[in-house]
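Heads up: the protein sequence lines correspond to chains A and B, in order.
For what it's worth, numbering that gives the first Met the number 0 labels the leading residue of the first sequence as 0, then goes sequentially.
For what it's worth, numbering that gives the first Met the number 0 labels the leading residue of the second sequence as 0, then goes sequentially.
Hints listed in this document are in silico derivations from the structure and should not be mistaken for laboratory results.
Only a predicted model underlies this, so the values are computations on that prediction, with no experimental measurement involved.
Careful: at least some of the hints might be erroneous.
If chains are identical, the list can't say which one is meant, so a pair holds when it fits in one copy or spans any two.
[To be verified] The list that follows gives simulated cross-link-like pairs (lysine-lysine, BS3-like), each with its CA atoms no further than 27 Å apart:
| hint | residue 1 | residue 2 |
| --- | --- | --- |
| 1 | 85 | 35 |
| 2 | 85 | 75 |
| 3 | 115 | 56 |
| 4 | 55 | 75 |
| 5 | 35 | 56 |
| 6 | 35 | 55 |
| 7 | 3 | 75 |
| 8 | 115 | 75 |
| 9 | 35 | 65 |
Protein chains: 2
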Amino acid sequence: MDFKTVLKRIVENVDGAIGAGVIGEDGIAIDQYSTKPDFDISAAGAEYSTIISSAKKASQSFGLGKTNEVLISTEKATMIMMVLGKSYFVTLALNLDGNLGRGRLELKKAIPELEKLL
Amino acid sequence: MDFKTVLKRIVENVDGAIGAGVIGEDGIAIDQYSTKPDFDISAAGAEYSTIISSAKKASQSFGLGKTNEVLISTEKATMIMMVLGKSYFVTLALNLDGNLGRGRLELKKAIPELEKLL
Chain A
0 MDFKTVLKRI
10 VENVDGAIGA
20 GVIGEDGIAI
30 DQYSTKPDFD
40 ISAAGAEYST
50 IISSAKKASQ
60 SFGLGKTNEV
70 LISTEKATMI
80 MMVLGKSYFV
90 TLALNLDGNL
100 GRGRLELKKA
110 IPELEKLL
Chain B
0 MDFKTVLKRI
10 VENVDGAIGA
20 GVIGEDGIAI
30 DQYSTKPDFD
40 ISAAGAEYST
50 IISSAKKASQ
60 SFGLGKTNEV
70 LISTEKATMI
80 MMVLGKSYFV
90 TLALNLDGNL
100 GRGRLELKKA
110 IPELEKLL
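So here's chain A without its partners, still in its complex pose (with noise of 0.2 Å):
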């Protein structure tokens, strides 16, 4: 098993998915598999990262521990973020139609998978 195996299962499990990818907190994209050629996950990750690590500072200090997940929704599409292991993510990219709930079911059900290959 490989992190692409896994991400190409999470995306074609999940009606409305666009794409998805393991990203370390640095913002480099470790692994990505996309539906669409023009949707490029690991340019994303540099991004997304500053965000999954303000949201770990903010809850550790707010008193609500450790961050488990991250969701943002825009007008165009929505990003669920999973923290893997202790410095990784694994997002998940869905259209607007997607379904919300199979995406975060699926993110997961990977998670041990995935923390195995890091």
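Fit chain B to the known structure of chain A by using the hints.
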């Protein structure tokens, strides 16, 4: 109708809601309503407002357009934040067993009312 009335209604309509607040992107809370005296949403304003600003910037530069919502799940609570106008957001904090779907719905329904008060 004032901010606190709307915030109180949101919290009372959502199972597992801890508190809600209207916060500026400068980190200053305008108003809040909480069911727990030790849960002070204004204290989180400065930290979480940075995340909203970063999410807006990341989504614009990644070509996803305007950001509507940011959700952060931690080991103790879930924070839902929805953008209000150009430089404010409304946030709702939920227990882990809180009704996330209902929370998002109540916030969405309240946005037009809250924007009128800005």
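Consistency of the hints with the structure:
1. 85 / 35: neither (30 Å within a copy, 31 Å between copies)
2. 85 / 75: between (30 Å within a copy, 18 Å between copies)
3. 115 / 56: within (25 Å within a copy, 33 Å between copies)
4. 55 / 75: Intra 25 Å, inter 13 Å, cutoff 27 Å: intra and inter.
5. 35 / 56: between (33 Å within a copy, 23 Å between copies)
6. 35 / 55: between (30 Å within a copy, 23 Å between copies)
7. 3 / 75: Answer is within: at 25 Å inside a copy they meet the 27 Å cutoff, but 32 Å across does not.
8. 115 / 75: Between. Shortest inter-copy distance 25 Å satisfies the 27 Å Cα cut-off; intra-copy 33 Å does not.
9. 35 / 65: between (33 Å within a copy, 21 Å between copies)
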